[in-house]
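Asker: On the provided structure of chain R, position chain A as indicated by the hints.
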Amino acid sequence: MHRCSFGGRLTAVFTALAFSMALLGPAPARAAGKLKIMTATTDLAALAEEVGGEKIEAESIARGYQDPHFVDAKPSFLLKLKRADLLIVVGLELEIGWLPPLITQSTNPKIQVGAPGYFDASRFAKILEIPTGQVTRAEGDVHPLGNPHYWLDPENGLRIAKGIADKLTETRPEDAAYFAQRYADFERRLKQADERWLTEMKPYAGRKIVTYHRSWPNFAEHFHLNVVGYVEPRPGIPPSPQHTVELMHLMKRENVKVIVVEPYFDLKTPNAVARETGAQVLVLPPSVGGEKEITDYFKLFDYDISKLKQAFDAAH
Amino acid sequence: MKKALMVSAILFLCSALRAQESTTAQASGGISSAVLVQETRMRTLEQQVRTLAEEVAVLRGELKAVRDAKSAEPASDPRILLTAAHVEPGMLPANPSSVPASAPPDPASAAPQVTQTQIYGGATSNAKLLNPDISLIGDFIGTAGRNDLSPSRSLELHESEVGMQAIIDPYARADAFISFGETGVNVEEAYVTFTSLPAGLLMKVGKMRADFGKVNTIHNHALPYIDRPLATNNLVGGEDGIDDAGISITRFLPAPKNWFAEGTAQVFRGDSSTVYAANRRQDLSVVGHLRAYRDLSESTNLDLGVSYSRGHSNLGFDFGPNFLTNLYGGDATLRWKPLRRAIYKNFLFRTELFWSARDQLSPLNIFQTQHAFGMYSSAEYRVNRRWTVGGRFDRSGHATDGTQTDTGFSGILTYWPSEFSQIRGQYRFGHLAIGIPGDFSNANEFLFQFLFVMGAHGAHPF
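From first to last, the protein sequence lines are chains R and A. One rule links them: number in our numbering = place in the first sequence (from 1) + 124. One rule links them: number in our numbering = place in the second sequence (from 1) + 296.
Bound-form chain R, shown alone:
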């Protein structure tokens, strides 16, 4: 009898423990609150905001003026990731150097790879430069799954937005109509803007440019630019004197007048090449937030296209 009551007390203690553990566990999602979205890059945050509107809160880990290949896995991001309902990543191994430990350490089951709150935007986009045949690092820091800078094509922006809209609807079915309306609006505005951009870029179709890194294939394809060379000899490999000389020859031969440089690269080599070839160095942000005034996905293209036009016009 005495033994039995002792066992009962023990059970009670365990139950209490289990309850307190459960209380400590993830708080039930407040349906009324905003969905908390973390994204790897600012562009994905901008797209999420277009579709999610005031029903969400989106924040990017990388800044728009930061090289998205090299981001520090700072613990301060962990607190934000822990509270996130959704994590949107670029994928294609762009974030392989910093995101996996953040996801693991976030202790947030919702955003683990494969969980419903993990959203790989590359699954919805048109991907270029997927290497075939043998892939080796003799090619530099190649991305075996294709070029991860795919958001620089408005059509991809629309595809990703559609994917995000579907994901948001899945997460918050009660707001389905809101997200559908936001997406329809975004689609209409983006198509309008794209027509304008295409018209603006039409006179420059086929223009040859050189870029620092391979960040621009989707942009170049959409706006009919011709990227003929790179300041980097191979992706992720800093410029070498020999390659720089070759690049100068190439640019003179092909009459290339514009060198596009992402804001996080050193301008020394591009400036030297520009001096030698009479070309112009153009710092062009590939991401939202790359400059102060680029506050959304539309302004990114507005900014880049106006800068490109100026540069092309100045070349003649």
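There are no misleading hints in this set.
Derived lysine-lysine pairs resembling DSS-like cross-links, with alpha carbons at most 27 Å apart: (1) K204(R) with K633(A); (2) K250(R) with K286(R); (3) K416(R) with K633(A); (4) K633(A) with K206(R); (5) K198(R) with K510(A); (6) K179(R) with K553(A); (7) K160(R) with K553(A); (8) K204(R) with K553(A); (9) K423(R) with K179(R); (10) K160(R) with K179(R); (11) K431(R) with K392(R); (12) K198(R) with K641(A); (13) K553(A) with K510(A); (14) K286(R) with K204(R); (15) K503(A) with K198(R).
Distance windows between CB atoms, simulated: (16) T347(A) with A262(R): 18 to 28 Å; (17) A396(R) with T347(A): 39 to 49 Å; (18) Q316(R) with V501(A): 51 to 61 Å; (19) D614(A) with K204(R): 49 to 59 Å; (20) P327(R) with L426(A): 44 to 54 Å; (21) K204(R) with P659(A): 48 to 58 Å; (22) R682(A) with A317(R): 34 to 44 Å; (23) K553(A) with A262(R): 46 to 56 Å; (24) R207(R) with F758(A): 17 to 27 Å; (25) L660(A) with K204(R): 50 to 60 Å.
Just so you know, the hints here were simulated from the structure itself, not pulled from any lab data. Don't be surprised by glycine CBs; every beta carbon is placed ideally from N, CA and C.
Answerer: Same frame as chain R, but now just chain A:
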């Protein structure tokens, strides 16, 4: 049986090809442009035949392996297979009848490095499938100069570390690092991490480097120097450090605004190189670590930690359960990395302090607790994308005799041809205690190191 199948497949394909050729030949008539189309078509066909031939070669290899396993029957003439065995319908989605007849081939697709376009492409790579991410890091070290107390070999492949990392299931991931050294193989770490536990807990189970300070958690190849600090060697188990089989639990802790705090509690079997030894099942060792982190600005941050560890002294012999070693540690790291120029310029300063209280037998076989203190401070500065300069100051007592103190400093220069290789030189001076009070030996050494990374692109430690 297999052979018969193969032959029939070949025959079928041959006839299919020939039939197709004859129909297109009739269709093309005598129009010159059609000749051109024919020409390009032929080239595509050739291209396809070539790729198919390669596949056949692979298949043949497999077939041969199967046959070899069965009997010592000689292989048939490979040439027959080479020309025709390629097109098992259904095996190849793009069989010749569908591709060239429709669209003229894109000239770009004939280039050796083909760039494909993928629409709505799943981010899968068929090369990986379900294999873990595998990498190998080679660590070659050379030493020149004079060190009478702890001489290392002139040239050695210090270790080759194989890393395998994968997501196990929706609730866990696993990481294994197996180090092949000059003297043998060692599982440096192999643990599973449960990421979806309740109450915000992160649990690791397996063999792992203990969360004692900073340098103890870092693999050799990720250190900003070639060797480990003297304090680590003297007090915290040297190169392998506190590295043992056990269970680790980590949780974020409530912290003031803008601070990040984390606590870790670990239990190990109690065997860690020269520090701990477990002679009984209950001789477990424990490690506790508290970490506080704060972003001072977008580019600057401060990382602080305190650590405690306790286990049974490794005396080389079992004198009973009363000999304990208590270790206390403190660490501070200041990082500066401007985001716009992160790959060109950054700076890191780190210092760690260690206190050791070790129960042991004195030379007169009397129970004593030996107290020793050790520390190091190191700084590194990235001058540009390829060069980093650094320095380190060391001072540490001996765990077995706190009155014996080693002092040293190092200058380090690192060159990075790319992200995946690293060449490093280090000048090291040591003023080392030799065991007799007041008597020291000076060591002047030059170390150099080549590191190379194969395979999966591991995450950079922070």
